[in-house]
Amino acid sequence: MSLAHPENRPPLKGAHYPAMNIKITTQAATSLIRPSGSTRYIVFKIKGEADGPDNPRVPLNLSLVLDQSGSMAGQEKLELVKKAAAFVIDHLVEQDRISLVGFDDEIVVVGPACPATQTNRQLLKAGLHKLKPGGSTKLSEGWLRGIQEVAKSQSEGVFINQVWLFTDGQAQQGITDPEELATQAGQFRRQGIITTTFGFGNDTEENLLEAIGEKGGARFQHIREARKIPQAFAGELQERLQTVGRELALQINLPAGIELENLNDFEMSRTEGRAIIRLGDVFAGEEKQVVIKLKLPSGTIGQVLRPEAILMYSEPLTGAGREVRPTEQISLTYAPHNKVDAERLEPESAGIVGRMLVERARKEMLEANRRREFRKVPVILERLRGHLSRAHLLDAPGVARLLNELEQQSQDAGQALLDASVRKAMHYQAYTAQKSYRDYNISPPEDKI
Numbered sequence: 234m235s236l237a238h239p240e241n242r243p244p245l246k247g248a249h250y251p252a253m254n255i256k257i258t259t260q261a262a263t264s265l266i267r268p269s270g271s272t273r274y275i276v277f278k279i280k281g282e283a284d285g286p287d288n289p290r291v292p293l294n295l296s297l298v299l300d301q302s303g304s305m306a307g308q309e310k311l312e313l314v315k316k317a318a319a320f321v322i323d324h325l326v327e328q329d330r331i332s333l334v335g336f337d338d339e340i341v342v343v344g345p346a347c348p349a350t351q352t353n354r355q356l357l358k359a360g361l362h363k364l365k366p367g368g369s370t371k372l373s374e375g376w377l378r379g380i381q382e383v384a385k386s387q388s389e390g391v392f393i394n395q396v397w398l399f400t401d402g403q404a405q406q407g408i409t410d411p412e413e414l415a416t417q418a419g420q421f422r423r424q425g426i427i428t429t430t431f432g433f434g435n436d437t438e439e440n441l442l443e444a445i446g447e448k449g450g451a452r453f454q455h456i457r458e459a460r461k462i463p464q465a466f467a468g469e470l471q472e473r474l475q476t477v478g479r480e481l482a483l484q485i486n487l488p489a490g491i492e493l494e495n496l497n498d499f500e501m502s503r504t505e506g507r508a509i510i511r512l513g514d515v516f517a518g519e520e521k522q523v524v525i526k527l528k529l530p531s532g533t534i535g536q537v538l539r540p541e542a543i544l545m546y547s548e549p550l551t552g553a554g555r556e557v558r559p560t561e562q563i564s565l566t567y568a569p570h571n572k573v574d575a576e577r578l579e580p581e582s583a584g585i586v587g588r589m590l591v592e593r594a595r596k597e598m599l600e601a602n603r604r605r606e607f608r609k610v611p612v613i614l615e616r617l618r619g620h621l622s623r624a625h626l627l628d629a630p631g632v633a634r635l636l637n638e639l640e641q642q643s644q645d646a647g648q649a650l651l652d653a654s655v656r657k658a659m660h661y662q663a664y665t666a667q668k669s670y671r672d673y674n675i676s677p678p679e680d681k682i
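For the record, in the sequence shown the residue sitting at position 406 is 639 according to my numbering, with numbers rising by one throughout.
Since the hints were derived computationally from the structure, they do not count as laboratory data. No incorrect hints appear here.
Below, a list of computed lysine-lysine pairs in the DSBU-like style, where the Cα atoms sit at most 35 Å apart: (1) LYS461 <-> LYS358; (2) LYS256 <-> LYS572; (3) LYS363 <-> LYS385; (4) LYS315 <-> LYS280; (5) LYS256 <-> LYS526; (6) LYS609 <-> LYS526; (7) LYS461 <-> LYS256; (8) LYS572 <-> LYS528; (9) LYS365 <-> LYS316; (10) LYS316 <-> LYS596; (11) LYS526 <-> LYS280; (12) LYS609 <-> LYS528; (13) LYS461 <-> LYS363; (14) LYS315 <-> LYS385; (15) LYS358 <-> LYS316.
Generate coordinates for the entire structure from the input sequences, incorporating the hints supplied.
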């Protein structure tokens with residue numbers, strides 16, 4: 234297919250994003266510490282907001298890498314993927330870059346990287362008709378070809394460089410090891426190319442696709458019904474077009490003797506007295522909730538500990554580094570036992586902490602079920618109940634409902650392997666809750682594209 238490449242690029246038209254505004258707030262579920270030491274939870278809320286006049290948005294440099302293996306023939310899956318891809322192509326402008334790759338046991342570059350002019354968009358949409366269900370799944374080779382197409386345009390300007398990888402199956406040929414694929418995704422992220430993965434149906438490896446999406450700097454979307462494929466693509470596009478901060482990193486400086494655990498399972502690095510939690514990008518209207526668990530040493534009554542939080546990120550359009558601090562920093566005070574016992578939980582943050590603990594237990598339970606370690610399931614549930622009880626979180630908003638739901642799921646998970654559709658739904662519920670992602674199976678994207 235021949236694609237037009239205009240020599241002169243006019244100013245960006247019809248593509249704007251809101252003026253950037255990222256806010257961070259902190260809240261301790263409880264702030265008093267026993268003289269003998271305590272465990273305390275801190276909630277960070279990081280929100281991308283739209284304010285002020287519109288500015289030109291950062292262009293996309295996007296490769297759509299689509300599974301056309303034989304399994305894509307049923308349920309009109311491939312036709313729905315084509316419809317979703319056409320929607321994405323239609324919503325790009327000429328300053329964007331777009332390429333289209335199909336894969337089964339062969340790799341087909343339907344459209345090499347090019348400016349998303351009106352002519353090129355029409356040619357790409359016509360090229361979608363060439364995608365036909367074929368053989369087995371060379372997932373890694375299709376993805377790597379998409380990376381190559383994105384890399385072609387990286388030096389041409391400032392872009393959000395991204396590959397979208399869609400599959401309904403497993404990696405059958407080429408690189409199939411999940412750890413190796415995740416490692417490569419992290420390497421490409423450091424080179425400035427991020428990856429979003431979309432998995433549809435019961436035959437996908439959700440752990441593999443989640444690892445590629447997370448290490449790749451974006452996310453994983455599990456699509457439960459074929460008819461939801463277009464809205465999953467639309468949701469991802471909406472997020473990327475409204476990006477207001479890139480590569481967020483939450484740095485927490487800790488006083489001596491404090492141990493920190495990240496309950497969200499975000500990528501984290503540590504040095505003595507410091508932890509850096511990497512959160513990826515944030516878009517307008519998104520709120521990321523980050524929960525940390527602090528194990529505090531013994532101290533004297535009246536002593537105050539003040540862990541310091543700094544949010545670092547890059548401006549999407551200029552690449553300039555920015556820092557923002559909470560309006561109120563964390564303050565934890567050693568107090569007599571009677572005052573600690575009398576302190577009431579802050580309801581909202583307590584609810585967030587409790588829900589995060591439930592979702593961590595859900596993932597543990599799924600892993601035990603996958604390994605056929607059925608006896609571990611009730612142990613995990615009992616440990617969670619004890620944890621919530623000791624932290625006085627059983628009455629926190631929303632926690633009792635989630636715990637009751639998990640107790641019901643544990644009855645099946647503790648007896649036999651879960652049905653694939655049930656397992657994937659449970660996995661995705663925990664994943665989206667832990668990472669504050671929107672589930673586009675349940676909540677379609679807003680009409681803002």
